[in-house]
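Construct the complete structure from the given sequences, taking the supplied hints into account.
Read top to bottom, the protein sequences are chains G and Z.
Residues 1 to 110 in our numbering are what the first sequence lists, from first letter to last.
Residues 111 to 226 in our numbering are what the second sequence lists, from first letter to last.
Don't take each hint at face value.
No farther apart than 30 Å at their CA atoms in a straight line, the calculated lysine-lysine pairs in the DSS-like style are these [claimed, not checked]:
| no. | chain 1 | residue 1 | chain 2 | residue 2 |
| --- | --- | --- | --- | --- |
| 1 | G | Lys-69 | Z | Lys-151 |
| 2 | G | Lys-97 | Z | Lys-176 |
| 3 | Z | Lys-124 | Z | Lys-165 |
| 4 | Z | Lys-151 | Z | Lys-124 |
| 5 | G | Lys-97 | Z | Lys-165 |
| 6 | Z | Lys-176 | Z | Lys-130 |
Restraint-style ranges between C-beta atoms, simulated for each label pair [said to hold, decoys possible]:
| no. | chain 1 | residue 1 | chain 2 | residue 2 | range |
| --- | --- | --- | --- | --- | --- |
| 7 | G | Arg-81 | Z | Glu-169 | 28 to 38 Å |
| 8 | Z | Gln-152 | G | Thr-109 | 15 to 25 Å |
| 9 | G | Ala-17 | Z | Ser-153 | 21 to 31 Å |
| 10 | Z | Ser-128 | G | Met-59 | 38 to 48 Å |
| 11 | G | Asn-54 | Z | Ile-122 | 43 to 53 Å |
| 12 | G | Arg-16 | Z | Glu-173 | 39 to 49 Å |
| 13 | G | Ala-17 | Z | Leu-178 | 38 to 48 Å |
Simulated from the structure, these hints should not be mistaken for laboratory data.
Keep in mind that this is a model prediction, so the values were computed, not measured.
Just so you know, even glycine gets a beta-carbon here, dropped at the ideal spot from N, CA and C.
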Amino acid sequence: DAKTTQPTSMDCAEGRAANLPCNHSTISGNEYVYWYRQIHSQGPQYIIHGLKNNETNEMASLIITEDRKSSTLILPHATLRDTAVYYCIVHTGTASKLTFGTGTRLQVTL
Amino acid sequence: GAVVSQHPSWVICKSGTSVKIECRSLDFQATTMFWYRQFPKQSLMLMATSNEGSKATYEQGVEKDKFLINHASLTLSTLTVTSAHPEDSSFYICSARLGPGLDTQYFGPGTRLTVL
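See the structure below:
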């Protein structure tokens, strides 16, 4: 699976949009971009995934650049409960194992 | 979404004893379960992949005789840390996959093991 690069940490004010970037310049044509998050002392939680089109669900939006070499996860109105480590993973999405990088620690503040 | 539970949520044991952690998929059958370990302020590290009815596949560097994994049914996998030592103290997280896609992989709440 392709490697990803994310900033170590980010801050965001509550109520504002949180934009979390991810670089995946070596992504293959059959690899999806997945986002998970892990709130402190809990298991990871799936957020969203996409191949090349932008995606939106009840939790977040995913914007993938046209060349697919980078993406941005958008939390439109961040709350304190969104404070977590966010992991960007590129993966074929099939039955093989899921491994995590270091992620971005997002701190949402008042 | 689907629910994965772990028991216990935390455990403290003496050095040299064995500890068993259970992982259950509550409302679905999972042919594949995964065990991860996470040390403080570090990312999750995959330990092993467990398939129902067959031997687990361990990641490089993970001692299979120390971390015994049993996946006897489609809803239960167990991880036994044998002869635990303080360096085994960690957050252990299991995950179960409902279908072929990663978006069908659900994680348990984790078990915090402290070895004295």
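>> Checking one constraint from the list: CA of Lys-97 (chain G) to CA of Lys-165 (chain Z), max 30 Å. Satisfied?
In response: holds (16 Å)
> Do Ser-128 (chain Z) and Met-59 (chain G) keep their Cβ atoms within the hinted range of 38 to 48 Å?
Replying inline: holds (39 Å)
>> Tell me if the beta carbons of Arg-16 (chain G) and Glu-173 (chain Z) are separated by a distance inside 39 to 49 Å.
In response: Taking Cβ atoms as reference, Arg-16 (chain G) and Glu-173 (chain Z) lie about 46 Å apart, which means the hint holds.
> Is the Cα-Cα distance between Lys-151 (chain Z) and Lys-124 (chain Z) 30 Å or less?
Replying inline: Holds, at roughly 24 Å.
> Holds or violated: Lys-69 (chain G) with Lys-151 (chain Z), Cα cutoff 30 Å?
Replying inline: Since the Cα atoms of Lys-69 (chain G) and Lys-151 (chain Z) sit roughly 28 Å apart, the hinted pair holds (cutoff 30 Å).
> Has the hinted range 43 to 53 Å been met by the Cβ atoms of Asn-54 (chain G) and Ile-122 (chain Z)?
Replying inline: Hint holds: Cβ distance 47 Å, inside 43 to 53 Å.
>> If I claimed the Cβ atoms of Gln-152 (chain Z) and Thr-109 (chain G) lie 15 to 25 Å apart, would that claim hold in this structure?
In response: Cβ of Gln-152 (chain Z) to Cβ of Thr-109 (chain G): about 24 Å, so the range 15 to 25 Å holds.
> Taken at face value, is the distance from the CA of Lys-130 (chain Z) to the CA of Lys-176 (chain Z) at most 30 Å?
Replying inline: At roughly 12 Å apart (the allowed maximum being 30 Å), Lys-130 (chain Z) and Lys-176 (chain Z) satisfy the hint.
>> Is 28 to 38 Å respected by the C-beta to C-beta distance linking Arg-81 (chain G) and Glu-169 (chain Z)?
In response: holds (32 Å)
> So does Ala-17 (chain G) sit 38 to 48 Å from Leu-178 (chain Z), Cβ to Cβ?
Replying inline: holds (46 Å)
> Is Lys-124 (chain Z) close enough to Lys-165 (chain Z), meaning Cα to Cα at most 30 Å?
Replying inline: Given that 30 Å is the threshold and the Cα spacing comes to 28 Å, the pair holds.
> Is the hinted pair Lys-97 (chain G) and Lys-176 (chain Z) satisfied, with a Cα-Cα distance of at most 30 Å?
Replying inline: Holds: Lys-97 (chain G) and Lys-176 (chain Z) sit about 21 Å apart, inside 30 Å.
Hint check: no violations occur; every hint is consistent with the structure.
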